[in-house]
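*Asks:* Throw the hints in and build the complete structure from the sequences for me.
Next come the chains, spelled out residue by residue.
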Amino acid sequence: MLPYLSLAIWVPIVAGLLVLAVNRDADAAAARWLALVGAVAGFAVTIPLYAHFRLGTGEMQFVEAVEWIPRFNVNYLLGVDGISLLFILLNSFVTVLVVWAGWIVIQTRVAQYMAAFLIMSGLINGVFASLDGVLFYVFFEAMLIPMYLIIGIWGGPNRVYAAIKFFLYTLLGSFLMLVAFIYLYSVSGGSFSILEWYQLPLSLKTQLLLFVAFFLSFAVKVPMWPVHTWLPDAHVEAPTGGSVVLAALTLKVGAYGFVRFVLPILPDASHYLANFVITLSLIAVIYIGFVALVQADMKKLIAYSSIAHMGFVTLGFFLFSELGVEGGLVQMLSHGFVSAAMFLCVGVLYDRMHSRQIADYGGVVNTMPRFAALAMLFAMANAGLPGTSGFVGEFMVILAAVKANFWVGFLAAVTLILGAAYTLWMYKRVWFGAVVGERVAALKDVSRREFWLLATLAGVVLFMGVYPKPFTDVMHASVTELLAHVAKSKL
Amino acid sequence: MTATPVNFDFLPALPEITLLVAACVVLMVDLVLPETLRKWSYWLTQLGVVATAWLSLYVFHQTPAHTFGNTFVADALADVLKFLSCMTVALTLAYSRSYLTVRGLFRGETFALMMFALLGMMVMISANHFLLLYLGLELMSLSLYAMIALQRESGQAVEAAMKYFVLGALASGLLLYGMSMIYGATGTLDVARVTTTVFAGGVNKTMLAFGLVFVVSAIAFKLGAVPYHMWLPDVYEGAPTAMTLFVGAAPELAAFGFMTRLLVGALAAMAFDWQGMLLILSLLSMIAGNVIAISQTNIKRMLAYSTIANMGYMLMGFLAANINGYSAAMFYTITYVMTTLVSFGMVMLLSRAGFEADQLDDFKGLNQRSPWYAFLMLLTMFSLAGIPPTVGFYAKFAVIEAAVDVGLVWLAVVAVMASLIGAFYYLRIVKLMYFDDPVDTAPLEARSDTRALLSINGLALLLLGIFPQWLLGMCVVALTRSY
Numbered sequence: 065m066l067p068y069l070s071l072a073i074w075v076p077i078v079a080g081l082l083v084l085a086v087n088r089d090a091d092a093a094a095a096r097w098l099a100l101v102g103a104v105a106g107f108a109v110t111i112p113l114y115a116h117f118r119l120g121t122g123e124m125q126f127v128e129a130v131e132w133i134p135r136f137n138v139n140y141l142l143g144v145d146g147i148s149l150l151f152i153l154l155n156s157f158v159t160v161l162v163v164w165a166g167w168i169v170i171q172t173r174v175a176q177y178m179a180a181f182l183i184m185s186g187l188i189n190g191v192f193a194s195l196d197g198v199l200f201y202v203f204f205e206a207m208l209i210p211m212y213l214i215i216g217i218w219g220g221p222n223r224v225y226a227a228i229k230f231f232l233y234t235l236l237g238s239f240l241m242l243v244a245f246i247y248l249y250s251v252s253g254g255s256f257s258i259l260e261w262y263q264l265p266l267s268l269k270t271q272l273l274l275f276v277a278f279f280l281s282f283a284v285k286v287p288m289w290p291v292h293t294w295l296p297d298a299h300v301e302a303p304t305g306g307s308v309v310l311a312a313l314t315l316k317v318g319a320y321g322f323v324r325f326v327l328p329i330l331p332d333a334s335h336y337l338a339n340f341v342i343t344l345s346l347i348a349v350i351y352i353g354f355v356a357l358v359q360a361d362m363k364k365l366i367a368y369s370s371i372a373h374m375g376f377v378t379l380g381f382f383l384f385s386e387l388g389v390e391g392g393l394v395q396m397l398s399h400g401f402v403s404a405a406m407f408l409c410v411g412v413l414y415d416r417m418h419s420r421q422i423a424d425y426g427g428v429v430n431t432m433p434r435f436a437a438l439a440m441l442f443a444m445a446n447a448g449l450p451g452t453s454g455f456v457g458e459f460m461v462i463l464a465a466v467k468a469n470f471w472v473g474f475l476a477a478v479t480l481i482l483g484a485a486y487t488l489w490m491y492k493r494v495w496f497g498a499v500v501g502e503r504v505a506a507l508k509d510v511s512r513r514e515f516w517l518l519a520t521l522a523g524v525v526l527f528m529g530v531y532p533k534p535f536t537d538v539m540h541a542s543v544t545e546l547l548a549h550v551a552k553s554k555l
Numbered sequence: 008m009t010a011t012p013v014n015f016d017f018l019p020a021l022p023e024i025t026l027l028v029a030a031c032v033v034l035m036v037d038l039v040l041p042e043t044l045r046k047w048s049y050w051l052t053q054l055g056v057v058a059t060a061w062l063s064l065y066v067f068h069q070t071p072a073h074t075f076g077n078t079f080v081a082d083a084l085a086d087v088l089k090f091l092s093c094m095t096v097a098l099t100l101a102y103s104r105s106y107l108t109v110r111g112l113f114r115g116e117t118f119a120l121m122m123f124a125l126l127g128m129m130v131m132i133s134a135n136h137f138l139l140l141y142l143g144l145e146l147m148s149l150s151l152y153a154m155i156a157l158q159r160e161s162g163q164a165v166e167a168a169m170k171y172f173v174l175g176a177l178a179s180g181l182l183l184y185g186m187s188m189i190y191g192a193t194g195t196l197d198v199a200r201v202t203t204t205v206f207a208g209g210v211n212k213t214m215l216a217f218g219l220v221f222v223v224s225a226i227a228f229k230l231g232a233v234p235y236h237m238w239l240p241d242v243y244e245g246a247p248t249a250m251t252l253f254v255g256a257a258p259e260l261a262a263f264g265f266m267t268r269l270l271v272g273a274l275a276a277m278a279f280d281w282q283g284m285l286l287i288l289s290l291l292s293m294i295a296g297n298v299i300a301i302s303q304t305n306i307k308r309m310l311a312y313s314t315i316a317n318m319g320y321m322l323m324g325f326l327a328a329n330i331n332g333y334s335a336a337m338f339y340t341i342t343y344v345m346t347t348l349v350s351f352g353m354v355m356l357l358s359r360a361g362f363e364a365d366q367l368d369d370f371k372g373l374n375q376r377s378p379w380y381a382f383l384m385l386l387t388m389f390s391l392a393g394i395p396p397t398v399g400f401y402a403k404f405a406v407i408e409a410a411v412d413v414g415l416v417w418l419a420v421v422a423v424m425a426s427l428i429g430a431f432y433y434l435r436i437v438k439l440m441y442f443d444d445p446v447d448t449a450p451l452e453a454r455s456d457t458r459a460l461l462s463i464n465g466l467a468l469l470l471l472g473i474f475p476q477w478l479l480g481m482c483v484v485a486l487t488r489s490y
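If you read the sequences in order, they're chains A and B. Per the working numbering, the very first residue in the first sequence carries number 65; after that it's consecutive. Per the working numbering, the very first residue in the second sequence carries number 8; after that it's consecutive.
What the hints contain is simulated information worked out from the structure, not anything from laboratory work. All figures in this text were calculated on a predicted structure; none of them were measured in a lab.
Facing chain A, a subset of chain B residues (Cβ under 7 Å, in silico):
id : residue
1  : I407
2  : E408
3  : G480
Over 10 Å on every C-beta distance to chain A, these chain B residues come out as not near it, computed from the model:
id : residue
4  : T70
5  : H73
6  : L174
7  : L196
8  : E452
For each label pair, taking beta carbons as the anchor points, the in silico distance ranges come out as:
id : chain 1 : residue 1 : chain 2 : residue 2 : range
9  : A       : V130      : B       : P234      : 45 to 51 Å
10 : B       : V66       : A       : R118      : 53 to 59 Å
11 : B       : T70       : A       : A129      : 34 to 40 Å
Positions of the beta carbon are idealized from the N, C-alpha and C atoms, including for glycine.
*Replies:* If you want it as structure tokens, here you go:
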């Protein structure tokens, strides 16, 4: 069998380097086509992963192990379980859309833009596929470089501030995580294998300290309240493609860190601090929901709604029940599609009007009916309407929360009201009503490229909402395995 | 150790002898060469330096070889460090060629001084006797003072040389004083005998510790560790960039060798005492270096503070006081020298006649002027910040691992927090290059050999970041074969 995981990582990266090497921005069309071919090839090599995936086992599959840095016993160790597999698919899929979305919009330094996203995609796959601490860290950190450039070069007016804030914020957490990794290496007698760390006995005090280091790293990435402030800045200033990748993919890396590292390596600390995390998650759901309500900028509103939705994910994880964890994972996937779609919708409007202010719009439905229909679907999914993917994850998490504690469940359910309020209110103000101004009146409906871009996502959102089984089946055995680790005390 | 027969085997010192001969040849040939044929002295110098590098590795010492009455040692560590120092000097010369030519510094004196400085470094690396260590250090330092002052018409350069000289002389004084104390306590200046005497016990510990303080101070001065760092920013800023690169690159390798000979070779028994001192030096350097670098607007000054901070990280590996830590420190030094070469090489590449690209703003919009150079500089900056997949990450990784391994987790946490501060000013360079529009639009011209070497050097930062094992492994081998 081919090393599909390595292909999933290196095909996009090599494609990105090729785009840079072959094209020096002289011929933009060539760069675009080459990038699209690279992205599609990157997605194509991930399909066998799904096709050959064995259901019903929580073991790592497609394992590749090569000695890499014997000096520190670091290995090029790859493998996926039902949890990471889905995110590799999501990432490779979204990358195709992102490349396609930047087709016409990006006119300056096209080759560098496309290459940054392709390299980013390979690195994200690397994060999800790594089973070695150092390898994981290398991918995790390297991800920052393309994103820093994407925000800084192609971003909005305040891009420099946003880019540096994004970089330093994330770096703060990950540096501490590095120390935690090295500490684990030291106490495990010289191993960076994540799976071996699962078996490592640790005292509660040690676990708590490690928890702080890991938590800071992943909470910033998720982001959880109160370390979320980089996200609205980064989202608003980033180009559309950058926002899509940030929301749909890099936030998932943070949440993934919780299930891959925090829960199984530090089960006792996780139980000990579960209420703390649940509280932060509920604050994110409710307080950030209110914050989203008052935003005047569409991208900011969606950015805050992302934080609220990710609050659901962390809430689900720290309920330690199968329903909760699976709900969190489904929510992650769904948010990956829905937030990508929402940002693309804002991108469609922004490309035409060069404004993200809700106040500048009104009555868009009159001039862009096809677009309005698609946007309606995504708005509903964002609000968690049954039948869309947004509902499934939220419902599972709420159900799990009610089982654990009624009031937690009750507070979590507030999101159904808040989510509907901020999303639909925005929809009403932008799309409905009378046409405001000549510029809105002159709007042209979505082009064929934009239509198919959004329609593809709409299809996935509906499919996942109606029939989530293919997704949950894949993750089921791995979640059971994960919960077995969480339940086993390491003291 | 009983009386060893005095041997005068010349073979272990072959690289040094070759270099000395080459330096003399260059001096004499240069006298008779007309101005138009000056490049022949340059090529002779390069030939001499590269031949020395090749010889250092060609006679690789599996076991240490002593000579000249045990005052000189050639071991695996020395071979590796000498090879790297020579290559560093060769690259420094290659990067500086246009810069020196434009400023009238492309002269036989420059080449000869560089070769003598290199000879001094090699003697430091191979010294097995306190006096020889001192001789090597002085030979290097005196050549450096003169090199910085070579640009006579520049007041800034002369001032820098003066400062360096006065403070350097003070440091030499400290070193000699410390050595005399150690001599007083042990009755010998021979590195091997100092070790055996101290281990045997019965030595006046107070006097020995007293001497140690002065020796460590002198080392800290040479490295530029806080609070002995004052000379460094002024010298880096004031010296012509070519000389800054010379001062900032190869001597770091020699300083590592010097430090290993003194602390690991001679005073290993005092490890507990010098660990504490290095801990403070390391902590102060990491924090002060990174914090002060933020407010700099001159890139040479900024890189000077970055050097100070980096020496702090290097010391962190050293204070673990085991082979794991020393090899981490060695790896750190080597990779740091590689990054320094690219960063100052780039400053020189942007400079031209009458224009020193020494302000941060001179890097604005480099991506639009030349994506390739911008990319190389980007790699350098991320390497200095310790972001993978560049080699700087493994350098930081190795020293942090060494510290955590001996239980200094808190130091590791401080170190990463300091690098977070450091990341800010490295990111600022990337920001200037990629996010801003160029102010200066003059085309970038460079000799093709400079361009090729700089590219290889820059890409090596990335390649070593992806495959760091061989260099990491080499550091371990060099140290275990020698100690």
